[in-house]
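Fit chain B to the given chain D structure using the hints.
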Amino acid sequence: MSRFCKLLFTVISISALLMQCKRDFDTPARPEDYHGTSYKEIFESFWNGVNNNYAMWAIDSTDWDKIYDQYKPLFDKLDIDSTAGRDSVANQYFEEMLNGFVDGHLWLERKYGNDSATFFYWPGAERLKKRPDYHEPIPLAHFQNTIPAQHLEPGYKSGYEKPTDPNSYDSTFVVSGTIKGTSILYLYFNSFQLDSYFNQTDSNQVKLALQHHIDQLNSHLNTADGLIIDVRGNGGGNSTDLNFLIGRLTKEKYIYGYAQYKNGNGRLDYGPWVPTYVSPISQSISFEKPIALICDIHSGSMTEITTLAVKAFPTGKGVVVGEQTFGRYSGIYDNITTGAGQFKFENGKSSLSMAYNMFKAFDGNIYEGKGTPPDVLVPYDSIALENGHDLQLDKAIEQVKQLN
Amino acid sequence: MLFSCLLAFKFTCIHAQLKTGVSAGISRNYLETDITNRPFTNYHPKSGFLISVPVKYSFNNWLAAEIDLEYMQKNWELSRSGYYSGVYEKATNHYIQLPLLANFSFGSTHLKGFLNLGAYAAYWGWGNRKGQLANMDDMIESIQSDNTMFDYYFPYRYNEAYQFNRTRDRRMEWGTLIGLGLEYAITENTYLTLEGRYLYALSDQQKKYMYRQIPRYNETYSLRVGVSTSLNNILK
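Going down the list, the sequences are from chains D and B. Going by my numbering, the letters in the first sequence line up with residues -7 to 396, in that order. Going by my numbering, the letters in the second sequence line up with residues 65 to 300, in that order.
Everything hinted at is true.
With a Cα cut of at most 35 angstroms, we get these calculated DSBU-like pairs of lysine-lysine:
1) D/K64 with B/K272
2) D/K336 with B/K272
3) B/K272 with D/K341
4) D/K58 with D/K336
5) D/K64 with B/K271
6) D/K387 with D/K149
7) B/K194 with D/K362
8) D/K245 with B/K154
9) D/K122 with D/K32
10) D/K352 with B/K271
11) D/K341 with D/K69
12) D/K362 with B/K271
13) D/K352 with B/K194
14) D/K352 with D/K58
Because the hints were derived from the structure by calculation, they are not lab data.
Chain D on its own, in the form it takes in the complex:
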């Protein structure tokens, strides 16, 4: 029995020891919590930040482990190499590491050289320039001057955010009117800042133009032949504008897509697909006439969400005319709230913008990195534009008449 007791004691002790072993986890810190200034630390905080916070690993082919193997020694070497120009070399490395990412909202902004210089790299924009259908944005003057003068009935209303800088796409510009010789309402705007301007207490020009649009909708609800929403060159903006613009046209809440959020540190830790909605607002009307949305390759982000909202419009009379859009859908938000997305590193000097979720359209397709395909393709034609023919607008008018 004594041999048995010794054996039993040994077995129990080993078992108890195994089960009491506290497991150690090598959990990486948040990128904001790396305070070192060496290139080694910069790389670690950056690589871990992307590893844990990028929302699109499920659809992205970037081999992030291979990137680690390849670039960690290079960044370590930068600490050893004391020659001038190391920051520029580091910037080149960042560009190489990021250039394959599919997220259209991913861009790096890095201050260097004692904060005197800024490096900015946006893979999505570089990818856009390589598209065979790439062209420069249509000059804003076309929407400010040519369209109102040639295509709208007198009495249109336009407004700028910054009257002193009307030629910049950074200024918010809105024009509301009626297509000449028709009862088709027309709205152009170059930035999704509509809700915020409309709800300001002062009578700013943008607000007045938007009020004109709303008044047209309400007074011509039964007599209008349709609505054209022109968002060419519009790079996006506030998500609240979706309901302000499209939710205003329906009393029916409907789905235009689905979003999936990260819920853990693992690249494939995702929650369920969550429906994304267009919701009516308190002043909503039931707009039963055709809606044509005109977009181009520079239509991005919130604009692309709006293309899907029009395609999915409950009346079935929404149509998208123009070109395939930019290819960025998800929003940008802090990663504590959303479980993924943008972060700062290098003691706050650098920031990496990233989308906070993965998105698929109501038709089940993921258009991230590709863009919404139009229902009716009308390529950009600079010669036609120079000769006063806006082929994309003409087609939108034609589509509205056909659907009516």
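Okay, now just chain B, sitting in the frame of chain D:
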């Protein structure tokens, strides 16, 4: 190693006995991992259900070998706190399990205490996740307060089957176990058991698919009540 040691013993089979029965009880599972880098986010243990069919062969009056065919739930919850209160996900995981153990008993004929030591293999069969999150694409038009995310966004509630991910998820789990219990002889051939058992997973729930991957292990406590009967009279 355990069974090699046991096989080194010379047994006398005077009291050899084959028993089987059924036991059922509750499980309490802890998901051991680390998400301290995710603010306001924690994992919590959850209870579940188990049912087991043990087959036990007693070599003598103090040593037996047992194998169980078992169904066990190993559940957990992920939830957020503070401003993010109300965001949660409860995971229900259904395992088919085969514990293999050595049973050491002590006491009288009618009432015995026992110690179980062994190992187990488990197969993740299916799962379900139920939860709530703030739908950031479903905004509340009129904000009334600013206490939680749900003052700004409508909740999205879900209750769906978990989709097994072949890249990430591992179906098989194995580990060690230890149990302590009591066995009471109701009649000469029928026994009532009460056992507390602890399972310690040695395998990660996930396959290794990325660098800096944080592993996840189940640690499961259970309390079970069972009844068993001797098959010796039937087998003679």
